[in-house]
Amino acid sequence: MLERGGETVTSAHKANLSVIGDQMPVRFERPSWLSNILCALFLLFLLWSMSSAGLSLSDLLEGLPNMATIAGEMVPPATDRAGPMANAILVTFQMALVGTVIGILISIPVAMLMARNTSPHPIVRHVARSVVSFFRTVPDLAWALFFVASVGLGAFAGTLTIIIDTIGFCARFFAESMEEVDPGPSEALASIGASPIDRIVVVLLPSAMPSFINTSLFSLEKAVRSSVVLGLVGAGGIGAELAVSMEMFRYDQAATIVIMIFVLVFAVEQFSSVIRNRLLRQNV
Amino acid sequence: MNSCAESLTMPRSVLATTSQLKVSGLAKRFDGCSQSVFSDVNFTISTGQSVALIGANGAGKSTLLRCCARLIEPDAGSIILDGEALSSKSGSELRKARNRVGFVFQKHCLVPRLSALTNVLHGNLAHRSGPRNWLQGFARQEDRGRAMDCLNQVGMAHVADKRCDQLSGGQAQRVAIARALMQDPKMLFADEPTASLDPQSGDDIMELFSSLVKVRGLTLFFVSHHIEHALNYSDRILGLQERQLLLDTPSQSESLPSLRAFYA
Ligand SMILES: Nc1ncnc2c1ncn2[C@@H]1O[C@H](COP(=O)(O)OP(=O)(O)OP(=O)(O)O)[C@@H](O)[C@H]1O
Ligand SMILES: [Mg+2]
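Sequence lines, in order, name chains A and B. Heads up: the first sequence is residues 1 to 284, going by our numbering. Heads up: the second sequence is residues 1 to 264, going by our numbering.
For reference, chain B alone in the conformation it holds in the complex:
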């Protein structure tokens, strides 16, 4: 409450640098469903924070994440992303607001018939449109280099020229993460980014994310069913349960058993 009152009196520019995402009164019900997925969800994520979202299957985590960028249209509530109200935007304004926001989805969402390198290059489409970012063959030399570097960071440089429908699930997920790195976003939404990765790779990716948070000041909002990841790689943990945001605590004050109890 206190911090909310403070932020209201602060000038806009300061607000923009301190809160990366501010969600208030968010509600969503899918057409044809009797119950809402969630309602009256309020939270703020500060710039440079890493926040984990937990909850049982079907609790609405993916839906909440998508609503934050209006990939799914929420029924009510306001979203302030990077100091700009997202709720009132449409068309090209909305697109512009999304430029600095990266997404890693639960399903990797790569274009199956294109190569890994081309898919990574597509991260650039957030900032520049046109043929030079359509296919790796058309790309600028520096962009190709950067795309290879992103692939390398997720350990996938050796599949650069492989078609994405020939990658394993985990490899594809890592390429999708490389695409998000290519975009170089200010804020990254990641929906179970490590779900299809083996334990070691999962830890590696979370380490990579957390170093981006520390070094580049990335803001991270990730969903995980991996309680250790939520505990070790976040500053704060949010929990969805019974159509409400029932948990919002600093990670230090939680432990494995206390979080496990949240699912019960």
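Chain A with its partners taken away, still in its complex shape:
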């Protein structure tokens, strides 16, 4: 009895399987010959790149004593120029802060031009996307050189660079997070005739807000790190001090600067994670 019951179940099962057999998805897609060739080409290119990148164990070994000497000269860190250095690091942070805030404020409307669900027209969208990706792909040092040449040496050139950098980064991620917002609530308000502006303010902005906050804080951290380097090309901030110390072989001063940079970046990262947790829990 039992056996027979078992048999009927299996045969029924089999009959069922043969019916749905051609609907059954395959377990894994076989990689095509094209993707195999691309993989092989990539590996070859990687090997070639290793030689071009100048990977060299002997150079590394020869450099080690130099590194040790420099590291030795770095302790104890010099405090003779601590005052001007502290001032420079403050300016560095202020450049980063102002540049990020202005950049974020510009990014929000720009992102609305870029996002599929808010853009007034596909042409506008493509133009905005192209401009922003141009901002992003040109490295910040190149922007800094450009602004130093056009508005002169100093913090203003650095701030402009941070603004451009922030737009390139924030507008892109703001737009993406707006596109990811569930269209349901917006459609629900459209169904009762709410205006597009109302729907953007009421649905899109609050829903994308966590991601806006994350992106903004991350972009502040990024700006602080990049504003440190901008001084190397004369765009204001602590970088100039660092360059001078290194050129004059004052590694003990350089050490002070590195410590200050570390403290600044660390503080900004801590601050931003506290803010992140606070803001994301809020009720509106």
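Rather than coming from a laboratory, the hints here were simulated on the basis of the structure. It is possible that part of the hints are untrue.
Computed from the model, here is a short list of chain A residues facing chain B with C-beta under 8 Å [claimed, not checked]:
no., residue
1, T69
2, I70
3, A71
4, L189
5, S191
6, A194
7, I197
8, D198
9, M209
Ranges of calculated distance between the beta carbons of each label pair, as one might list FRET restraints [as the list claims (entries may be wrong)]:
no., chain 1, residue 1, chain 2, residue 2, range
10, A, L90, B, Q166, 18 to 26 Å
11, B, D161, A, S150, 51 to 59 Å
12, B, D161, A, S211, 17 to 25 Å
13, A, D252, B, D161, 57 to 65 Å
14, B, D161, A, R27, 23 to 31 Å
Not close to chain B: a few residues of chain A, all C-beta gaps over 10 Å, as computed [stated by the list, open to error]:
no., residue
15, S32
16, E73
17, A155
18, I192
The beta-carbon is built from N, C-alpha and C at its ideal position, and this holds for glycine as well.
On the provided structure of chain A, position chain B with the ligands as indicated by the hints.
The following block gives chain B with the ligands in isolation, referenced to the frame of chain A:
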């Protein structure tokens, strides 16, 4: 046929007060699908009527409901909503026509990060735009009061300050219904409004709808898989099957078995 001929000879103003929604020759096929969801759908819903729409999963009920307000663009057919042809409108005219039409969706569609009270307040956006209807904190005192009252009607006053992503499915659905009440529409489309509610709450909500129909003259067009709801709370039942509107009968002439047979 007869009533159709009559309405053609009637003056427009009379037509507007008797037929809330008139759909003719409606058809929809989604891009990339070989078959249409439905075609040549014709029906009229009079003002103050409560009409149920039934049909199997995937029969096209939600699609039909959305097409009636052109939330989904139908491929063919004309829609006359509250005496105005919807088919020719666009932009702000279309928005204006939708002001008096409320929607409760199969999925609740609240803004997750905003409070229940703020979401209810958004019902006002149908009539007035601007910051005072964006957040409950900015709202006029009387609007806040009305929003609380709407929440109270669906038994959700106690979650007014809770964020909507922290509500249960049924609670959220009731808040969405409160938002529709806030809007105070002339006609309400409700897509399975009670699907996520427990039996008692489901009955309560249907009672609430039916009292709005009786007291305020609301026109109700609702989808339900709950045959008793269709029978008890509607004047008329429409049924979608095999890409057609195959059923259009007064509710009194139907019974549980006869409707159940419709799904077979
Ligand atoms: N955006 C879409 N694109 C393509 N096909 C769709 C889309 N929306 C719905 N469909 C298809 O149209 C048909 C009708 O869907 P619809 O949601 O209207 O069904 P329904 O009657 O509301 O079903 P249920 O009872 O499950 O809610 C289904 O076959 C569905 O797969
Ligand atoms: Mg549906």
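Evaluated hints:
1. T69: 56 Å, violated
2. I70: Since the shortest Cβ distance to chain B is 51 Å, the answer is violated.
3. A71: Not OK, violated: A71/A not within 8 Å of chain B, min 50 Å.
4. L189: Hint holds; L189/A Cβ to chain B Cβ min 6 Å, cut 8 Å.
5. S191: Holds, because the Cβ-Cβ distance from S191/A to chain B comes to roughly 4 Å (cut-off 8 Å).
6. A194: Check passed: Cβ of A194/A comes within 4 Å of chain B, closer than 8 Å.
7. I197: Since chain B brings a Cβ to about 7 Å from I197/A, closer than 8 Å, the hint holds.
8. D198: OK, holds: D198/A within 8 Å of chain B, min 5 Å.
9. M209: Check passed: Cβ of M209/A comes within 7 Å of chain B, closer than 8 Å.
10. L90/A to Q166/B: 18 to 26 Å: About 42 Å separates the Cβ atoms of L90/A and Q166/B, which means 18 to 26 Å is violated.
11. D161/B to S150/A: 51 to 59 Å: Since D161/B and S150/A have Cβ atoms about 52 Å apart, the given range 51 to 59 Å holds.
12. D161/B to S211/A: 17 to 25 Å: For S211/A against D161/B, whose Cβ atoms are near 24 Å apart, the range 17 to 25 Å holds.
13. D252/A to D161/B: 57 to 65 Å: The hint (57 to 65 Å, Cβ to Cβ) holds, given that D252/A and D161/B are roughly 58 Å apart.
14. D161/B to R27/A: 23 to 31 Å: 49 Å, violated
15. S32: 25 Å, holds
16. E73: 54 Å, holds
17. A155: Holds: least Cβ distance 37 Å, greater than 10 Å.
18. I192: Non-interface label on I192/A violated, nearest chain B Cβ at 4 Å vs cutoff 10 Å.
Figure legend: structure checked against the earlier numbered hints; hints not met, in rising order: 1, 2, 3, 10, 14 and 18.
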